[in-house]
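Keeping their order, the protein sequence lines are chains D, V and S.
In this text, residue positions in the first sequence follow the numbering used here: the first is 6, and each later residue adds one.
In this text, residue positions in the second sequence follow the numbering used here: the first is 13, and each later residue adds one.
In this text, residue positions in the third sequence follow the numbering used here: the first is 7, and each later residue adds one.
Read the hints as simulated data drawn from the structure, not as lab findings.
Keep in mind that this is a model prediction, so the values were computed, not measured.
All residues carry an ideal CB built from backbone N, CA and C; glycine is no exception.
Honestly, I wouldn't trust all of these hints.
Using C-beta positions, here's what the derived DEER-type ranges look like [stated by the list, open to error]:
#: 1; chain 1: D; residue 1: 121; chain 2: S; residue 2: 160; range: 48 to 56 Å
#: 2; chain 1: V; residue 1: 151; chain 2: S; residue 2: 68; range: 33 to 41 Å
#: 3; chain 1: V; residue 1: 73; chain 2: D; residue 2: 23; range: 20 to 28 Å
#: 4; chain 1: D; residue 1: 22; chain 2: V; residue 2: 108; range: 53 to 61 Å
#: 5; chain 1: S; residue 1: 77; chain 2: D; residue 2: 63; range: 21 to 29 Å
#: 6; chain 1: D; residue 1: 19; chain 2: S; residue 2: 24; range: 50 to 58 Å
#: 7; chain 1: S; residue 1: 77; chain 2: V; residue 2: 100; range: 45 to 53 Å
#: 8; chain 1: V; residue 1: 151; chain 2: D; residue 2: 23; range: 48 to 56 Å
#: 9; chain 1: S; residue 1: 132; chain 2: V; residue 2: 57; range: 32 to 40 Å
#: 10; chain 1: D; residue 1: 149; chain 2: V; residue 2: 151; range: 43 to 51 Å
#: 11; chain 1: S; residue 1: 74; chain 2: V; residue 2: 153; range: 24 to 32 Å
#: 12; chain 1: D; residue 1: 63; chain 2: V; residue 2: 73; range: 49 to 57 Å
#: 13; chain 1: S; residue 1: 128; chain 2: V; residue 2: 100; range: 20 to 28 Å
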Amino acid sequence: MAEKTKKLYWEDVKVGQDLPETARDVDYTLIACGAVWATHDFMPVHHDPEFAKLKGAPNVFMNILTTNGLVGAYLTDWTGPEGELKKLRIGLAVPNFPGDRMTLNGTVEKKWEEGGERLVQIRVIGENQMGPHVTGTAVMALPTKG
Amino acid sequence: MGLSQAQKLVGKESSVIRAPDEVSTSDIRHYREIVEGEKESWDTSAAPPTMTMAWAMEALWPEKVKPTEPHEQVLKLLDDAGYGGTMGIALDQECIKPVRLGDQLSFKVMVVSVSSSEEEAEARKGYMVTLLYTFTNQKGEVVSTQTYTILKFKTLAQSS
Amino acid sequence: MAKLPQEKILPFNDTSEKVFDYSKVEPFIGKSSPWREGHDIVTKSDIRHWCEVMRDGNPLYADEEYAKKSKYGGIIAPPTMAQVWSLEPMHAALRQFVNEIEPHPDDPHTQCFVECNNQGYSGVVATEQEQVYVNPIRPGDTISWQLTLHRVSTYDHFTRMGIGRYVDLKYTFKNQRDEVVSEMIFRVLKYKPTQTTWRAYKG
Numbered sequence: 006m007a008e009k010t011k012k013l014y015w016e017d018v019k020v021g022q023d024l025p026e027t028a029r030d031v032d033y034t035l036i037a038c039g040a041v042w043a044t045h046d047f048m049p050v051h052h053d054p055e056f057a058k059l060k061g062a063p064n065v066f067m068n069i070l071t072t073n074g075l076v077g078a079y080l081t082d083w084t085g086p087e088g089e090l091k092k093l094r095i096g097l098a099v100p101n102f103p104g105d106r107m108t109l110n111g112t113v114e115k116k117w118e119e120g121g122e123r124l125v126q127i128r129v130i131g132e133n134q135m136g137p138h139v140t141g142t143a144v145m146a147l148p149t150k151g
Numbered sequence: 013m014g015l016s017q018a019q020k021l022v023g024k025e026s027s028v029i030r031a032p033d034e035v036s037t038s039d040i041r042h043y044r045e046i047v048e049g050e051k052e053s054w055d056t057s058a059a060p061p062t063m064t065m066a067w068a069m070e071a072l073w074p075e076k077v078k079p080t081e082p083h084e085q086v087l088k089l090l091d092d093a094g095y096g097g098t099m100g101i102a103l104d105q106e107c108i109k110p111v112r113l114g115d116q117l118s119f120k121v122m123v124v125s126v127s128s129s130e131e132e133a134e135a136r137k138g139y140m141v142t143l144l145y146t147f148t149n150q151k152g153e154v155v156s157t158q159t160y161t162i163l164k165f166k167t168l169a170q171s172s
Numbered sequence: 007m008a009k010l011p012q013e014k015i016l017p018f019n020d021t022s023e024k025v026f027d028y029s030k031v032e033p034f035i036g037k038s039s040p041w042r043e044g045h046d047i048v049t050k051s052d053i054r055h056w057c058e059v060m061r062d063g064n065p066l067y068a069d070e071e072y073a074k075k076s077k078y079g080g081i082i083a084p085p086t087m088a089q090v091w092s093l094e095p096m097h098a099a100l101r102q103f104v105n106e107i108e109p110h111p112d113d114p115h116t117q118c119f120v121e122c123n124n125q126g127y128s129g130v131v132a133t134e135q136e137q138v139y140v141n142p143i144r145p146g147d148t149i150s151w152q153l154t155l156h157r158v159s160t161y162d163h164f165t166r167m168g169i170g171r172y173v174d175l176k177y178t179f180k181n182q183r184d185e186v187v188s189e190m191i192f193r194v195l196k197y198k199p200t201q202t203t204w205r206a207y208k209g
């Protein structure tokens with residue numbers, strides 16, 4: 006959960022630095038509510054187990070918009086509310102099914118200034134017990150100490 | 013057993029609880045598209061009267077861990093005494109004023125009655141709890157009162 | 007494992023299985039859908055519902071007081087929400103996914119997908135996306151979008167789902183002031199569900 010007072014300055018970030026690891030249990034609520042309630046996605050593979058099986062999956066699975074939202078929240082939780090997402094690229098591998106547990110980790114890959122902004126590039130990986138669910142690269146603008 | 017404490021909460025009312033969301037077009041449309049079925053468009057200027065209870069539903073997160081209100085305490089007492097199942101029995105709604113777009117609803121819940129001993133209903137053993145919800149809008153006008161009866165029952169797992 | 011139906015077993019050197027005809031999808035590449043408006047305006051409800059599932063406590067998305075004092079001057083939506091208002095409402099979505107009735111059959115990317123389906127590449131799964139965030143999304147905004155068929159693989163890929171082709175869709179999201187809020191490349195895999203043909207070694 007982001008703290009109002011948390012503020013990560015660009016100067017305090019080091020290339021190679023790891024983000025703190027977080028973990029989340031993937032349950033039916035996260036998958037179905039993530040799809041329908043949060044992301045307005047009615048594709049039945051995300052809320053109807055029978056339909057998911059018809060389409061060749063063992064059960065309902067997380068939609069990409071929910072994965073995207075969880076990665077975005079992970080990043081802004083780390084920076085605090087003054088960190089600004091500029092770009093986010095994600096690739097999916099192993100699906101998230103009910104009963105999985107996903108850990109999120111990140112590493113700072115790059116740090117630079119461009120167009121008056123102070124930017125960092127972060128590599129993110131979300132893994133469940135079966136392997137990588139999501140790998141991604143984010144670019145964020147951070148506040149400066151001046 | 014803590015159930016005698018439940019009787020002491022009868023007649024007690026909660027503090028004023030604010031609905032987590034304002035009445036919005038998106039919520040009205042999402043409700044109408046399921047309940048009314050497909051249409052060219054749905055009227056989102058006012059909420060259907062049957063939707064009012066939706067604004068009393070607790071947020072998914074952050075979760076309220078401690079039951080502070082009388083009705084929450086009654087339900088927790090029954091959960092702890094082994095009556096973990098919850099089943100809706102009846103909902104008696106009085107629709108007094110329309111619920112309009114942009115309204116910020118609040119509500120209070122009063123514990124009207126709790127069964128004095130275990131009852132059987134709908135082929136389950138448990139305790140009937142009747143709650144009275146009073147909904148007001150941002151002008152302080154009462155928009156609806158709703159009497160909600162639920163059965164707190166012993167689940168199969170708890171019965172064995 | 008189920009017994010293979012005899013007529014689906016091909017000798018390993020059989021060339022009768024059709025190869026994807028790229029020329030059938032080529033005319034749609036680079037073509038765009040019309041601009042469309044979201045079915046709802048952006049509301050604080052939408053934002054809170056997203057945040058309560060994602061467990062995102064960022065005060066910019068929920069706290070009026072805090073957001074007013076920020077550079078945004080008010081509550082904004084998480085930028086990762088951009089695509090949400092472009093998704094089909096319930097009935098149209100179910101018709102599309104369950105009954106396979108496309109909501110916008112004339113769209114170039116839809117015609118490309120239908121062509122893929124006709125050629126046996128009927129499976130679809132999202133694999134990758136890249137979003138660029140340009141302007142904030144605020145409650146009351148109307149988000150409009152346009153889709154362009156950006157790219158289709160020119161050769162088959164052998165994936166965990168089966169043989170398939172990647173289709174890249176380019177989305178542009180704008181608000182009611184015609185400002186771009188976000189751009190996205192969305193990559194899906196159109197694949198042949200594995201039980202369509204079997205190849206067996208004879209002898």
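The hints, checked one at a time:
1. D:121 / S:160: 48 to 56 Å: Since residue 121 of chain D and residue 160 of chain S have Cβ atoms about 40 Å apart, the given range 48 to 56 Å is violated.
2. V:151 / S:68: 33 to 41 Å: Violated: the Cβ-Cβ distance is about 24 Å, outside 33 to 41 Å.
3. V:73 / D:23: 20 to 28 Å: At roughly 26 Å between Cβ atoms, residue 23 of chain D and residue 73 of chain V fall inside 20 to 28 Å, so the hint holds.
4. D:22 / V:108: 53 to 61 Å: This hint holds: roughly 59 Å between Cβ atoms.
5. S:77 / D:63: 21 to 29 Å: Once the Cβ atoms are compared, 46 Å apart, the range 21 to 29 Å for residue 63 of chain D and residue 77 of chain S is violated.
6. D:19 / S:24: 50 to 58 Å: Cβ of residue 19 of chain D to Cβ of residue 24 of chain S: about 55 Å, so the range 50 to 58 Å holds.
7. S:77 / V:100: 45 to 53 Å: At 47 Å between Cβs, range holds.
8. V:151 / D:23: 48 to 56 Å: holds, 53 Å
9. S:132 / V:57: 32 to 40 Å: holds, 36 Å
10. D:149 / V:151: 43 to 51 Å: The hinted range 43 to 51 Å holds for residue 149 of chain D and residue 151 of chain V, with Cβ atoms some 47 Å apart.
11. S:74 / V:153: 24 to 32 Å: The hinted range 24 to 32 Å holds for residue 74 of chain S and residue 153 of chain V, with Cβ atoms some 28 Å apart.
12. D:63 / V:73: 49 to 57 Å: violated, 27 Å
13. S:128 / V:100: 20 to 28 Å: violated, 42 Å
Comparing the model with each earlier hint shows violations of hints 1, 2, 5, 12, 13; every other hint is respected.
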